[in-house]
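These are the residues of each chain, in order.
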Amino acid sequence: MSNSTEIPADETTHKHTISVLLENKFGALNRVAGMFSAKGYNLESITVGPTEDISISRMTIVTRGDDAIIEQIIKQLNKLIDTLKVVDLTYDSFMERELALIKIGTTPDNRSEIMQIVEIFHAKIIDISHKTVTVESTGSGQKVDAIIKMLKPFHIKEIARTGRVALKREFVGEV
Amino acid sequence: MTQHTSPPSPQRQMTGAEIFVRSLIEEKVDIVFGYPGGAVIGIYDALHDISDIKHILTRHEQGAVHAAEGYAKASGKPGVALVTSGPGATNTVTGIADAYMDSVPIVVFTGQVALKLIGNDAFQEADIVGITRPITKHNYLVRDVNELAATVKEAFYVATTGRPGPVLVDLPKDVMAMKTMFSYPKSVKMRSYVPHVEGHQKQLDKAIALIAKAKRPILYVGGGTILSNAAEELTKFAHKTKIPVTTTLHGLGAFPETDELSLGMLGMHGTWYSNTAVNYSDLLIAVGARFDDRVTGKTDAFAPEAKKIHIDVDPSNISKNVKVDVPIVGDVKKVLQQLMPSVTALDTKDWIQTIKTWKEEHPLRYRNGKYIRMQHVIQKISEITKGKAVIVSDVGQHQMWTAQFYKYVYPRTHLTSGGLGTMGFSLPASMGAAFARKDFPVISISGDGGFQMNIQELATIREHSVPIKIIILNNGYLGMVRQWQELFWRKRYSHVEMFGPDYVKLAEAYGIPGFRATQTDEVEDVIKKMFAIDGPVLAEFKVVKEDNVYPMIPAGQTYHEIIDMPEEKTASTDGEKESDIEMVTITKG
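Protein chains in written order, with our numbering: chain A, 1 to 175; chain P, 1001 to 1589.
Hints are not guaranteed to be accurate.
What the hints assert, rightly or not - Computed list of lysine-lysine pairs in DSSO-like fashion (alpha-carbon distance at most 30 Å, straight line): (1) 1213/P - 1240/P; (2) 1438/P - 1380/P; (3) 75/A - 1569/P; (4) 1206/P - 85/A; (5) 1077/P - 75/A; (6) 25/A - 1028/P; (7) 1153/P - 1240/P; (8) 1545/P - 1569/P; (9) 75/A - 1028/P; (10) 1569/P - 1386/P; (11) 1153/P - 25/A; (12) 1298/P - 39/A; (13) 39/A - 1386/P; (14) 168/A - 1438/P.
Claimed, not checked - Here are a few chain A residues that sit away from chain P, every Cβ distance over 10 Å (derived from the structure): (15) 13; (16) 14; (17) 15; (18) 38; (19) 52; (20) 68; (21) 72; (22) 79; (23) 88; (24) 89; (25) 112; (26) 124; (27) 134; (28) 147; (29) 156; (30) 165.
No wet-lab data here; the hints were simulated from the structure. Where a beta carbon is used, it is the ideal one built from N, C-alpha and C, also for glycine.
Construct the complete structure from the given sequences, taking the supplied hints into account.
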């Protein structure tokens, strides 16, 4: 789910990735999404799914705001009765992934060029027809943005993005 | 998650409706304000034979919720409302929003259409769980009769702990007819909800250090102090440290206004001296208060010289509006108990003397004359009751004067709709308060606008002979809006003048004795007549049409823009002579 009225970035607002563990109860997603709209917070992406414990859901929220707003967002998330844990991953080392399906209208002339871009980004072609190819791209939000940008000059017919999921990184040594 | 510590009872199976009623008895609910209908007919059937619970049939569901609020505010126990689905449920929305804004512990039970009909646009269906999600502390839809008892237990637990608030439980009709064994959980433990009670030692130490250094400290006390039953601790704390006290609208009663250290209320219509003291203070200790815009005005100019300590049970209130130096998350009562041994008497003699001078220079004032001023009625009620009454005000000019001109001495004696500002609150809330309190008389004070918003509850009051003194301060205007139009909208009085019925005849039509006063010299007599009557009684005071609440800090402005009452002895527009006008002054503390 993405919010179309994205607040423009300035020096005081920053993008934050927040991971929330919630009781897996009816309406939990609604409570979180409703809180964001009621308080007027930016919501760039929100994903929810089960965890290793079926009674708990993990929600990954990408939002933007200055320090005071982010502090309030975290407090308001904690205030929801079904919330178990809220972690702002932004200042930690964390892994972030998003998946996009991009359907592109093709001609015999440009198909190979598209395939080159797909290869460079380590993406995959998962469907092909006479007039289209559909690309699956997985990576950080930035990487997905980048491949979409590269494919823009071609005729993008449809895009579906999952929104971001994230977990804290445990490895602490040098890469 | 609820823990069942006792084995399921070996008794017969019960219907959901019976289990629901049994659960209320387990919660020691002695009164329910409600209104039956199709979706809750089974519950009402189960209630029919129960003598442990008194059911009060209000004349509108909004009245039921305000009555539950009045009961909760006056007693400290959770209030309960029970209504049917659809319109019954949607009529509770204003009351629920009111309770949410003012942190009132109430549990609202709504009927719902049968599970298989939900989402079908069934008769009297409304998605009340969806509608009330942003205005409840939490809400539930009970989908399985086996979860019913535990849900009721959890609902009361959530409503009454931490920062209290309204909880709604939606009860589908078929779930109320399903049968299971009844077993009421002994305790509640929720892994996702653990309210903070004790303040963190590190924060307490920082606060103690700030307090020890303060030269011009002030306690800014809010409704959280009363919610946490901490009036006694607060009073001891102020006396021990010799720190002056100002309260918010909801903090009135947390500290006796007869005490030398009291400054009365602060904020938009607070006393001149309380706002002045806050402005020049070097330490502001917010106790169960949330830096509401009606208190702070422009936030960055609020108490500009003061270090700030903020005690609040709700972490999301900390640094929400005003950045503070030392936040302490915890229950006010507990935190004050924790601080108490480590604080000592401060040398605030000069500071208190300065404040005393301000009190003498700028007391609360009003112009009295032949025709009645609302302030005068409230002053008389204050003199007659000496703080020993539960005062339930409505919303508007009279509400501010009720806050200013009554001297509150005890907690839970000033009930009003502060956060939401719900006109029509007073009459039903006073009814709830009267069921909760037998020690003090309950006095409902409304303007003519607000009174007409829940006027239907006169029937409920008469039916149960609820002993309320109902006071209508009638200026034939929506006075506060008119005041704003006068001051900020070039006197263009757009749709604020209103017709009202003959309130004395109206009272008589309901079988309630009614009195009327039209001149100042009749006021005291009418109030005394009201106090001579045991049951419900109503009095209409025809007051001057145009009068303004002062002092006033216009919305969003700073202390420096404070408007105190003009000195001129302006006569009312109702035909008084200027020479007859007498300036009356009152000082808190």
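Practice item. May I ask which of the numbered hints given earlier this structure violates, with the numbers listed in increasing order? Key: 3, 7, 9, 13, 14, 18, 20, 21, 22
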